[in-house]
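Trainee: As a plain string of letters, each chain reads:
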Amino acid sequence: AQTVTQSQPEMSVQEAETVTLSCTYDTSESDYYLFWYKQPPSRQMILVIRQEAYKQQNATENRFSVNFQKAAKSFSLKISDSQLGDAAMYFCAYRNIYNQGGKLIFGQGTELSVKP
Amino acid sequence: GAVVSQHPSWVICKSGTSVKIECRSLDFQATTMFWYRQFPKQSLMLMATSNEGSKATYEQGVEKDKFLINHASLTLSTLTVTSAHPEDSSFYICSARAGRERIGELFFGEGSRLTVL
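These protein sequences, in sequence, are chains A and B. Numbering of the first sequence is given in the working numbering, commencing with residue 18 and proceeding in unit increments. Numbering of the second sequence is given in the working numbering, commencing with residue 26 and proceeding in unit increments.
Hints listed in this document are in silico derivations from the structure and should not be mistaken for laboratory results. Accuracy of the hints is not assured; some may be wrong.
Example chain B residues on the side facing chain A (calculated, C-beta under 7 angstroms, incomplete) [claimed, not checked]:
| hint | residue |
| --- | --- |
| 1 | Cys-38 |
| 2 | Thr-42 |
| 3 | Leu-71 |
| 4 | Glu-135 |
| 5 | Gly-136 |
Source: prediction; values computed, not measured. Heads up, the beta-carbon is just placed ideally off N, CA and C, and yes, glycines get one too.
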């Protein structure tokens, strides 16, 4: 079975600084998707960034980028120029392409606080 | 992006009663919907996968007779918590998959907070 592990329950960053959130996963599949979701206090899940496993190039979305290391099964999220609005719970998630109906498997989450 | 709506957004009920939560895809057809449960400060735990027109597939450890899931149309799935108890109090989130492809994009509802007194 696939698992997702986030080893940092809490992280803190100064406004305008850069922070990296860690995520590792375990799977025997070769094709899959990885995601980072943001959950603010409203509890609405917001997709931050997505990475297809077959793509070697790391995904980037404005201030958000990932470091995808397929062999090491590592998928970290880097937030540059942190803003107060980035404060939220961040979840790393894995999704099979061909099996299990495409369900998402989430990590434990990392609570990010941004200091002004 | 596509919109998924959950109703009610919060509900308080007495122990022993049943509560129904609806998950609707407003502008797309969702052949598959997923139901998650989330306790405070914890992750989303998948409860079941709901497929339109067929029985839901429950994750290990989830009581299918307690958490009834119905996916009667391409835009609506319902989760009914039967004979609710205080330990069922939680945040329930649905996610809908657009299209029939397994890699169809997933969209989340706003969540429903259930409090059982």
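Trainee: Does each hint hold? Answer for all of them.
Mentor: Hints versus structure:
Residue-level restraint check for Cys-38/B is violated (minimum Cβ-Cβ distance to chain A is 19 angstroms; threshold 7 angstroms). The criterion of a C-beta within 7 angstroms of any C-beta in chain A is not met by Thr-42/B, whose closest approach is roughly 24 angstroms, and the hint is violated. Among the interface hints, the one on Leu-71/B holds; its C-beta lies about 6 angstroms from the nearest C-beta in chain A, closer than the 7 angstroms criterion. For Glu-135/B, the interface hint holds, since its Cβ comes within 7 angstroms of a Cβ in chain A; the closest pair sits about 5 angstroms apart.
Checking Gly-136/B against chain A: minimum C-beta separation of about 5 angstroms stays under 7 angstroms; hint holds.
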